[in-house]
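S.K.: Work out the full structure: start from the sequences and follow the hints.
Top line first, the protein sequences correspond to chains A and B. Numbering-wise, this note's numbering puts 128 at position 128 of the first sequence, and it's gapless, one number per residue. Converting from the second sequence to this note's numbering requires adding 433 to each position, the first position being numbered 1.
Keep in mind the hints are simulated off the structure, nothing from the lab. Watch out, some of these pointers could steer you wrong.
What the hints assert, rightly or not - Cut-off 20 Å, straight-line C-alpha distance, at most; resulting in silico cross-link-like pairs (PhoX-like, lysine-lysine): (1) Lys362(A) to Lys395(A); (2) Lys495(B) to Lys362(A); (3) Lys31(A) to Lys7(A); (4) Lys269(A) to Lys279(A); (5) Lys401(A) to Lys433(A); (6) Lys497(B) to Lys7(A); (7) Lys379(A) to Lys362(A); (8) Lys31(A) to Lys2(A); (9) Lys253(A) to Lys279(A); (10) Lys589(B) to Lys2(A); (11) Lys439(B) to Lys495(B); (12) Lys239(A) to Lys259(A); (13) Lys239(A) to Lys253(A); (14) Lys497(B) to Lys362(A); (15) Lys23(A) to Lys589(B).
To be verified - Here are some chain A residues pointing at chain B (derived, C-beta under 10 Å): (16) Leu46; (17) Lys62; (18) Met68; (19) Gln70; (20) Met294.
For every residue, glycine included, the Cβ atom is placed at its ideal position computed from N, Cα and C.
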Amino acid sequence: MKCTESKELMVAYVEGLLEESEKQAVTEHLKDCPACQAELQELTGLHDRLVTNGKALAQQSKIENDVMNQVIREQNTRLKAATRASDALKIRRTIMKSPITRIAAAAAIIVIAALGVNYIMAPSVTWAQVIEPILNARTIVFDLIIGSEDSGMVSHEIVVGSRIRRTMSNMPNMTLIIDMDNARMLALDTVGKTAIYTDISGDLGDSTRSYIKFVRQIITQLEDGQVERLGEQEIDGQKAILFVGKGHNEEVKIWADPKTACPMRVEAKIGQEYSFVMKNFEFDADVDESLVSMEVPDGYTQKKNEIALGNATEEDFVESLRIWAEIIGDGTFPAAIGTEATMQQMPTLVQKVTAMQVSEEKGTQIGMSFAKGMLFHQKISTQGIDWNYAGAGVKLGDASKAIFWYQPQGSATYRVIYGDLSVKDVAPENLPK
Amino acid sequence: MSENDKFYVERCLDGHPDDYRYLVRRYQGVLLANLVGKLGSRDRAEEAAQEALVRAYFNMGKLKKLDSFFSWLLGIADNVAKEHERKEQIQRQREIVRSSLQESSGTELSQDYALESAIAELPEAFRKVILLRYYGEHSCNQIAEQLDMPLGTVTKTLSRAYAMLRESLQQQKQAEVYEVSQ
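M.R.: Here it is as structure tokens:
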């Protein structure tokens with residue numbers, strides 16, 4: 001055997017990997033070759049060094065118990081969160097401890113951030129005397145109910161100038177502070193003591209502007225005599241005067257105190273499904289300005305990444321339908337879509353995303369995609385665009401069933417979304433029945 | 434602990450977090466060896482190894498090929514190391530470790546730091562084999578199975594890794610001599 005061959009086999013020799021004949025040959029060669037002996041010594045030295053160091057690291061390691069403790073502790077928290085979230089009516093605080101759920105929740109809330117925008121403006125719709133406190137009060141405190149009063153969630157709102165502080169009944173550990181002027185939102189997790197900023201410009205900002213237009217329009221209609229005074233009614237055990245204002249796509253009812261003319265209750269319906277109730281008003285209540293501060297409060301950690309929503313497109317909407325069917329509905333499209341349904345399904349989404357054990361980043365992305373798509377739906381809904389949802393019970397991937405169609409502004413044809421999430425342009429006469 | 438990685442990964446995915454212990458036990462030494470050379474101190478390596486293992490557990494759902502747990506875990510550890518890594522700090526750490534090693538060999542810092550940092554610099558294919566063989570106590574046959582390659586390739590990779598380690602250790606020694614003589 002030559003030295004080159006011997007050296008090539010030397011590591012395998014040290015490792016005891018050679019076949020008997022090769023081993024013999026190397027051993028023979030080594031007897032008469034000082035160079036290869038030196039090589040062997042060197043390699044054996046390195047081998048021993050590796051083995052010794054390997055043993056030292058493995059023996060001294062305390063990692064095992066630390067890792068297991070951390071894994072078991074966090075797993076329990078997440079399991080608890082998932083179990084509790086399954087009861088949609090009783091969301092508990094533990095769920096908010098998970099960073100994923102916190103972000104998913106933050107994303108969810110953005111869906112109704114638009115409502116807040118609409119909704120500051122909407123009351124100013126009616127009679128000058130009734131709207132006077134709404135227009136001029138420095139602070140307004142009230143409860144907002146999205147959807148029907150017995151099943152919808154309640155959002156407690158404190159409005160100071162262009163700032164809103166919002167807490168919601170289905171996410172009790174989440175507080176949102178919204179700065180309308182700068183289109184920014186600060187979400188606070190009051191249990192996890194974390195804070196995150198969200199950019200709500202884009203469509204959300206646009207709806208602020210279009211709502212000012214909306215209010216002016218309604219006021220014009222008021223002068224045209226389109227607001228009716230429907231006389232006295234009893235509401236929550238108190239006498240009230242009811243006014244109804246009707247635009248072409250919106251209807252607003254305001255019940256006012258007959259003595260003070262202060263609004264007691266406002267109901268608004270915009271488009272086909274977008275409705276809310278406001279009640280328990282307090283005007284010019286003494287509100288501490290710090291409640292609507294956009295600064296991160298003491299004791300809170302600010303999460304680094306800002307969330308930005310931007311403009312919602314049809315593509316976003318399709319993606320949110322996919323999330324709805326795939327993640328929330330286990331492969332089936334929901335019975336109904338819209339703001340109220342979105343808010344009701346949010347705990348389920350949070351639960352499923354938690355159970356998927358995805359990264360915080362991915363969880364955020366899912367939450368944002370879902371919210372953004374629903375924002376698109378909200379947008380077409382409030383613009384008075386004709387839309388139809390027929391996806392109840394349809395399986396994801398079923399290309400034969402149309403699940404949603406709408407007629408974009410200025411378009412002669414409809415956009416139709418199918419169960420496989422393909423989208424086609426369809427003439428009105430060919431729409432599904 | 435004779436079951437393969439896939440078995441334990443599936444146990445974890447089926448909701449038996451306790452079984453993760455076997456994977457931790459199997460790879461903690463490997464991860465430490467991989468990280469200590471990169472991060473410059475044992476404490477930092479332990480911290481990073483722990484983080485990598487916890488992160489791996491909660492992301493296990495994303496592991497596509499269940500039998501490639503080790504390679505995937507090593508990737509996570511490398512990412513964690515990158516995150517932890519701030520070059521100047523490491524440089525400083527290395528100096529401190531090096532000088533304290535020279536001053537007090539035989540104390541608790543007696544681990545072979547030169548060797549560890551040489552391993553950290555190996556290209557991934559070679560690093561994996563060295564780590565599994567000496568820090569994960571795998572036989573060459575087990576490595577062949579684990580990394581899905583013929584035994585001959587494992588042997589060749591190991592030989593080449595030895596050569597690289599020798600070269601790297603040699604260079605380190607020369608650098609030290611140079612430093613001392615300055």
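S.K.: Please list, smallest to largest, the hint numbers that this structure does not respect.
M.R.: Violated hints: 1, 6, 7 and 20; rest satisfied.
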